[in-house]
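Protein chains in written order, with the numbering used here: chain V, 1 to 117; chain X, 1 to 114.
Quick caveat, the hints were computed from the structure, so don't treat them as lab data. Watch out, some of these pointers could steer you wrong.
[To be verified] Derived contacts from chain X toward chain V, CB cut-off under 7 Å, selection only:
| # | residue |
| --- | --- |
| 1 | G3 |
| 2 | L43 |
| 3 | F45 |
| 4 | G52 |
| 5 | A56 |
| 6 | E102 |
| 7 | E107 |
Yeah, the Cβ is synthetic: ideal placement off N, Cα and C, and Gly gets one too.
Listed here are the chains, written in short residue letters.
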Amino acid sequence: AQKVTQAQTEISVVEKEDVTLDCVYETRDTTYYLFWYKQPPSGELVFLIRRNSFDEQNEISGRYSWNFQKSTSSFNFTITASQVVDSAVYFCALTLNYGGSQGNLIFGKGTKLSVKP
Amino acid sequence: DSGVTQTPKHLITATGQRVTLRCSPRSGDLSVYWYQQSLDQGLQFLIQYYNGEERAKGNILERFSAQQFPDLHSELNLSSLELGDSALYFCASSAGLGDTGELFFGEGSRLTVL
Chain V
1 AQKVTQAQTE ISVVEKEDVT LDCVYETRDT TYYLFWYKQP PSGELVFLIR
51 RNSFDEQNEI SGRYSWNFQK STSSFNFTIT ASQVVDSAVY FCALTLNYGG
101 SQGNLIFGKG TKLSVKP
Chain X
1 DSGVTQTPKH LITATGQRVT LRCSPRSGDL SVYWYQQSLD QGLQFLIQYY
51 NGEERAKGNI LERFSAQQFP DLHSELNLSS LELGDSALYF CASSAGLGDT
101 GELFFGEGSR LTVL
């Protein structure tokens, strides 16, 4: 069975601090996709990144960076120089690559990030 | 704005009742997905439709049903409602069968069952 674990339920930081959100996944499949979504207080889910299981290259997008390590089944998300607007719940998700069901995401429980001014 | 429209945004009803949630996918998207977000269960996949046909089922209760119409909008029907059905119901869409993996989510329909 597939599972995504986000052990950090809540994190609170002060603006400009760096923060890392942890994500550990479980799957026996060799082909899978990992995602991060952001859910701001307004409630919608915003796509941040997708990574497939064959691409372990880390990615940086502005203040956001992602570290994918298959050896530890982790896909961690770092926000550099956090800002108040980063306050949200962040979800890590996993999907397998079969039969057109790649959109059936298995979500972690989420990490609520609060960035204080 | 993701381009996915969900109505109603908020709904309050009583136990035993039936409600219908509606979703219009992004223009051109053929796949529609329904997810439930509750405090107990977190975000859970319910069901997927592709071009009018059911494609995959997740943890959807038998009291719940969905369909996708020829114009590609989708409806999620929830019947014999229980207190535990109170949740935020998301609709998402993607262009194909989710092969890009990027789902575009609507703002959700918040259901409160009293």
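Each hint, compared with the structure:
no.	hint	result
1	G3	violated, 11 Å
2	L43	holds, 4 Å
3	F45	holds, 5 Å
4	G52	violated, 14 Å
5	A56	holds, 5 Å
6	E102	holds, 5 Å
7	E107	holds, 5 Å
In this structure, the hints that do not hold are numbers 1, 4, in rising order.
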